[in-house]
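J.: Here is how the chains run, residue by residue.
2 protein chains.
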Amino acid sequence: MTTQQLHEQILQKKSFLCVGLDPDLTKMPPHLLETEDPIFEFNKAIIDATQDLAVGYKPNTAFFEAYGIKGWMSLQKTINYINENFPEQFTIADAKRGDIGNTSSMYAKAFFEDLNFDSVTVAPYMGKDSVEPFLAFENKHTIMLALTSNEGAFDFQTLTTNGTELYKQVLETSKTWKNSENLMYVVGATKAEYFADIRKIVPDSFLLVPGIGAQGGSLSEVCKYGMNDKVGLLVNSARAIIYASKGTDFAEKAREEALKVQQEMEEILNSRFQV
Amino acid sequence: MTTQQLHEQILQKKSFLCVGLDPDLTKMPPHLLETEDPIFEFNKAIIDATQDLAVGYKPNTAFFEAYGIKGWMSLQKTINYINENFPEQFTIADAKRGDIGNTSSMYAKAFFEDLNFDSVTVAPYMGKDSVEPFLAFENKHTIMLALTSNEGAFDFQTLTTNGTELYKQVLETSKTWKNSENLMYVVGATKAEYFADIRKIVPDSFLLVPGIGAQGGSLSEVCKYGMNDKVGLLVNSARAIIYASKGTDFAEKAREEALKVQQEMEEILNSRFQV
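The listed protein sequences correspond, in order, to chains A and B.
Anchor point for the first sequence: position 222 equals 222 in the working numbering, and the numbering is continuous, going up by one each time.
Anchor point for the second sequence: position 157 equals 157 in the working numbering, and the numbering is continuous, going up by one each time.
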């Protein structure tokens, strides 16, 4: 998928919501545990209930790997289900990978070819040759960690180096890499005031924004500082939507929560773009 | 496994060699491709041929994930094979994971519980709460990236921050984390002269050292600066051993290469510890 197609979908749905799929057997409705593949059944119900309100889905690979081969099969079924039924959705493998060049090539193959995701998240610590193998894939997107939503972000990401914070250095440096137009960045919603500075460095890039909902970030603040003239934001919410209810009405409740976020997004888009 | 058990195995085998399992269908002997599970057959043959010369095995998860569910099944079979037949081996899931707390907990569950590895590699970029969930597992080890063996290591890891290089800051900070005694660190062999400074910060920790062999690092240099009085090194070699031959003699040739490294290690251990 191209960023232009993503942009068009955002305008059409009046939404830049990405739903995070973090399927945890201990948190999902008990009646699903009796099915053959609870993780897939859970994801499918959430996707069906929210697909007209969301522009993307972000399965978090950890929540599948924790269940071994069965979990990996659920991941495969989930991405296949989205690609077959809702091909307009932007899909993100939230995998936070990154390794030396020949290894990163294998990860890129895993997520872009074998599983056919539109994008994958990567960590920047190992530098250029750990990210460029992902960037080599046409119409695929590499979403690199810049400033994350957790407390530990302040351990290293905000340290000052060369007169600027590390995460800004990461943004600057990544712009010089081959095929850097295929980069997007993770910037946590819990740090809304940082978006203004970030937009000075990467004015045109899409930013994937976790931290709305359970982690407490503010959507309006993020948009105030982070939105560009092509919207340029994908705001992720997982727990607040997918675990809105533990009952048989979980999908309905998930839709209600997703609708609240979408409506807030629609208001923001209307006031900003007069659409 | 405890570090004490690892240390005893090193003295007994006179080896601190870890064999990297990076199974690539395009590089392995063609006759294996006709078997039902070429990746597992390849790994099994390499393990059988080298297990008395090595103290650990490091499957690189990317090379399994690239083949999807079938690859993940090969990974499961490989770790089960080692645990059942050679339980003395120190096993490393080279996965370079790391995410916010609840996600890292799921990764820890995947590698420490579901697959039952002794250790897993993690990336430090997201800080304390992305690593501590791994450290919470008793007698399991978390091997954090400090200074890697690739060219991209110089993009961010060696930037100066607070008057010291980032990788040194990573080492220092990690010592303050809960259960930090379960930490080991990745330090690339291609940067042997850095080991002296690293040992000033983490004198007692085990260091996992990639970059010997195909990547060109020198074993004697690494030992000169990096060895401590408990050895404290696990030196990894993958391609130079596992792809020593593409013929039906690949396991035999792998053993020959492993033996060369083990003999060099034995000499070093003898001269250093008069064992």
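It is possible that part of the hints are untrue.
[To be verified] Each computed DSSO-like pair below joins lysine-lysine, with the alpha-carbon atoms no more than 27 Å apart: (1) A:77 x B:230; (2) B:109 x A:246; (3) A:109 x B:27; (4) B:230 x B:175.
These aren't lab readings, by the way, just hints derived from the structure by calculation.
J.: Now, for every hint given, state plainly whether the structure supports it.
T.: How the hints compare with the structure:
1. A:77 x B:230: 48 Å, violated
2. B:109 x A:246: Holds: residue 109 of chain B and residue 246 of chain A sit about 23 Å apart, inside 27 Å.
3. A:109 x B:27: Measuring from Cα to Cα gives roughly 16 Å; hence the hint holds.
4. B:230 x B:175: Holds - the C-alpha atoms of residue 175 of chain B and residue 230 of chain B are around 19 Å apart, at most 27 Å.
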